[in-house]
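A.B. asks: Protein chains in written order, with the numbering used here: chain A, 432 to 765; chain B, 14 to 550.
Hints listed in this document are in silico derivations from the structure and should not be mistaken for laboratory results.
Each residue gets a CB set at the ideal place from its N, CA and C atoms; glycine is no exception.
Be a bit skeptical, because a hint or two may be false.
[To be verified] If you want a taste of the chain A side facing chain B, the calculated C-beta under 10 Å gives, among others:
no., residue
1, K490
2, G493
3, D495
4, Y578
5, I600
6, R667
7, I671
8, N684
9, R760
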Amino acid sequence: MSKLHPIISTLLKRIGLGIISLFFVTLIIFSSVNLLPGDFVESVLGQTRTEESVKIFRKELGLDKPYHVRYVNWLTSAIQGDLGSTFSGRNATYANQPQQNTARSVSSLLKPRLFNTFFLAAMTAIIAIPLSLILGITAALFRNSIYDRTVNASALTTISMPEFFVAYILIIYLASINQFFPSLSNVTSSTPFFERIYLSVLPALTLTLVTVAHMMRMTRASIINLLSSPYIEMARLKGISKTQVIIKHALPNAWAPIANIIAFNLAYLIVGVVVVEVVFVYPGIGQLMVDSVIKRDIPVVQGCALVFAVTYILLNLIADVISIITNPRLLYPK
Amino acid sequence: MKSSKDNKKDLLLDIKNISIEGFSDEIWHPIIKGVNLQLYRGEVLGLIGESGAGKSTLGLAAMGFVRTGCRFTGGSIIFNGKDLTKLSEKKKQQLWGTKLSYVAQSAAAAFNPAHRLINQTIESSLSHKLDTKETLQKDAVQLYKEMQLPNPDQIGERYPHQVSGGQLQRTMTAMAMSSKPDLIIFDEPTTALDVTTQVNVLATIRSIVKEHQTAAIYITHDLAVVAQMADRIQVLRYGDTVEVAKTSQMLKSPKEEYTKSLWAVRSIKKKEQKSKEIILRIENVSASYESGPKVLQDININVPTGRTVAIVGESGSGKSTTARAITGLLPPTQGKVIFQERILPKKLSDRSKEDLRSIQMIYQSPDTSMNPRHTVREIIGRPLSFYHGINKEKNTNKVLELLHMIELDESFVDRLPEELSGGQKQRICIARALAAEPDLIICDEVTSALDQIVQEGILKLLLRLQHELKISYIFITHDIATVKAIADEVVVMHQGLVVEQGSKKDIFNPPHPEYTKLLLSSVPEMDPNWLNKVLEK
Chain A
432 MSKLHPIIST
442 LLKRIGLGII
452 SLFFVTLIIF
462 SSVNLLPGDF
472 VESVLGQTRT
482 EESVKIFRKE
492 LGLDKPYHVR
502 YVNWLTSAIQ
512 GDLGSTFSGR
522 NATYANQPQQ
532 NTARSVSSLL
542 KPRLFNTFFL
552 AAMTAIIAIP
562 LSLILGITAA
572 LFRNSIYDRT
582 VNASALTTIS
592 MPEFFVAYIL
602 IIYLASINQF
612 FPSLSNVTSS
622 TPFFERIYLS
632 VLPALTLTLV
642 TVAHMMRMTR
652 ASIINLLSSP
662 YIEMARLKGI
672 SKTQVIIKHA
682 LPNAWAPIAN
692 IIAFNLAYLI
702 VGVVVVEVVF
712 VYPGIGQLMV
722 DSVIKRDIPV
732 VQGCALVFAV
742 TYILLNLIAD
752 VISIITNPRL
762 LYPK
Chain B
14 MKSSKDNKKD
24 LLLDIKNISI
34 EGFSDEIWHP
44 IIKGVNLQLY
54 RGEVLGLIGE
64 SGAGKSTLGL
74 AAMGFVRTGC
84 RFTGGSIIFN
94 GKDLTKLSEK
104 KKQQLWGTKL
114 SYVAQSAAAA
124 FNPAHRLINQ
134 TIESSLSHKL
144 DTKETLQKDA
154 VQLYKEMQLP
164 NPDQIGERYP
174 HQVSGGQLQR
184 TMTAMAMSSK
194 PDLIIFDEPT
204 TALDVTTQVN
214 VLATIRSIVK
224 EHQTAAIYIT
234 HDLAVVAQMA
244 DRIQVLRYGD
254 TVEVAKTSQM
264 LKSPKEEYTK
274 SLWAVRSIKK
284 KEQKSKEIIL
294 RIENVSASYE
304 SGPKVLQDIN
314 INVPTGRTVA
324 IVGESGSGKS
334 TTARAITGLL
344 PPTQGKVIFQ
354 ERILPKKLSD
364 RSKEDLRSIQ
374 MIYQSPDTSM
384 NPRHTVREII
394 GRPLSFYHGI
404 NKEKNTNKVL
414 ELLHMIELDE
424 SFVDRLPEEL
434 SGGQKQRICI
444 ARALAAEPDL
454 IICDEVTSAL
464 DQIVQEGILK
474 LLLRLQHELK
484 ISYIFITHDI
494 ATVKAIADEV
504 VVMHQGLVVE
514 QGSKKDIFNP
524 PHPEYTKLLL
534 SSVPEMDPNW
544 LNKVLEK
């Protein structure tokens, strides 16, 4: 192998590490889901169950095989994009007649939900990221001014309130008293694009309020942290205006921490929004997972968890990549 | 030039009775106490003093700038007829980077790591719209040439981390010259450089300042350096002027005691002594960090019992690595370390407590080598109980005894490191090493971070302790004056090799190997013509 540019080898290393962590996550997902209390078969068959029917149903679902075999089966098909079939499409009657199987594949169940979640996350991100960067940079620029204090105080206020509370306040003011937006965001796959946006405004706004504070404060902190560096003093002594000093000299060196905190919040927008989804009855993936846990529908729970893990690792990988490629020491080696 | 100095018209900068306060520990306290300073066009003024004297603060004040947490409290700074203390931030920004430029101490820290050198060089001129980008870039390349940078046409395309420290410092001077300013403040521009690099940087700075008739304030703690650069010298102490005089006059007949004491270290001259016994033998030792290149290549060093071996060399020469190889912190890949006729295990973890006790280390920065939450009693008491198992009560007596040995009284026993001065901290570190009752102490640049007078005290203390306790020292330093003061034998290192070793007399008298010659000739001397002589050679 010829000598790789150090940035490529660093990137390859990161991607490799990402794959390894994903593998460990699948182990954790599988074993913890199987530790969940209760048994799908017994709860579905209920009072009518016989030893015989339980056995057949188990076999049908593949639950009769040992853990490690089930794990390997699940993992190999998951790598090929097949997350298996749901349990809950079946019932006791079908259990006795295996040919008439109406169980849906997990992927087909996940897809529309995942699309909805991504849509909401993207909508929030489009509002929240530029907003928090602008607020963070200006707050750093006018450090300790009334503006800075106001922005900080309001950010703290929104971050201190539980998100469902923020959601209800928005509903009261923007859906109930003033009927600007609907309080229910029950989108379907056939909802037209602009109506979809209209329906999603309130949940997106809630999530924006919850995440902006975090990102804005981090942006402000990482810029202020750099403002004491000698090269910032040098730039000021070169007669560069304060705004230019922050934009040209501080910001390029602050991307790494900012990218990390943005990735963290984006991941949260996908994996942590179940409460907001419930409040607005938004059909996202969080709700699906909670429902499936209640129904003990193991393949769906595993599928959701896997999607969450992939998203989380991927976003953090992107943040890593950004901090690597914004570092001139790695980009332009000696 | 010099005849016009009396002409009022040529007065470029007139600082009158300036006072500056700094805010710390919840109160404002004075940093600069009513200092006057005059600078004429084309003149270089040397500003000299020890750390905390207020040199940098005064230098920045000459630009009308105070650091965050500082404020002007009186006086005026008249630059070209304008009082900088009364100008708005906007007005000052128009002067900074055009008429007034600054060269910082550490070029590595003062360049933005994210931008190419050329863009940083012309940034201020460009943002003040002094000329077009193309012309400015051409001028910058011309300046790079004048600063004798290699590949002046291409070097600007590089990032700060891609060039060496000396080159970076020269690039920064080019950056300061880019707008053809009336005044440049040089704030210790060569302090972070090796002596052999320093010579070239000094020479290029001096010639470019002369060439462009730029006035300069040259801040340094090194009198020998300032003697080469300045027309006049102003000595500062505790934020006040001690003495101002022409350079030649200041060097020949300084008026104030304090000024004389500034070259105190150069007055210690230990008479070298020989010893037949050898306490430590380093035989064919090689070492490297992880799989990197060899940092030490097959080195041999002998340390005589009860004597001082000074290891001298520039940064990266392998001096500190040698210390790490001896102590086992970095196990050698090859060779033997023989201590008191016994081969020491290579790895630190394989050595016995007795091995550890008999070799102690003292580090360059006492700030980072002491636990800030431990009192002096705990710091010195720890090796006492660890090596000698001394119980608490006896411990205190022993601590007091050690304090006495390092010339501090018992009031220090319950102080924390932050309540001590730099010199006192280093004394505590010495006491901590002594507490183990070692046979050999490795001193790694122990005086480098200290002021001249404090250095003198520490060196005298170390000499006295050696005389009383018959300890052997390995003294690692880059400072030739320190070597002259303390060594019996000298080892010159360069790029991981031992270039030369022998008695102090042999090393400092010709003939020299090529590198020793270069090293010795690069050490600035008090003679104002020293730099000229070096350049002639």
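A.B. asks: None of the hints should be skipped; say for each whether it holds.
C.D. replies: Verification of the hints:
1. K490: At 56 Å from the nearest chain B Cβ, K490 (chain A) fails the 10 Å test, so the hint is violated.
2. G493: At 49 Å from the nearest chain B Cβ, G493 (chain A) fails the 10 Å test, so the hint is violated.
3. D495: Constraint on D495 (chain A) not satisfied, violated at 52 Å.
4. Y578: Cβ of Y578 (chain A) sits 18 Å from chain B, so the hint is violated.
5. I600: It is violated, given that the least Cβ distance between I600 (chain A) and chain B is near 40 Å, above 10 Å.
6. R667: This interface hint holds because 7 Å falls under the 10 Å limit.
7. I671: With Cβ-Cβ at 6 Å, under 10 Å, it holds.
8. N684: It holds, given that the least Cβ distance between N684 (chain A) and chain B is near 5 Å, below 10 Å.
9. R760: Since chain B brings a Cβ to about 5 Å from R760 (chain A), closer than 10 Å, the hint holds.
Going down the numbered hints, you'll see the structure goes against 1, 2, 3, 4 and 5, while the others check out.
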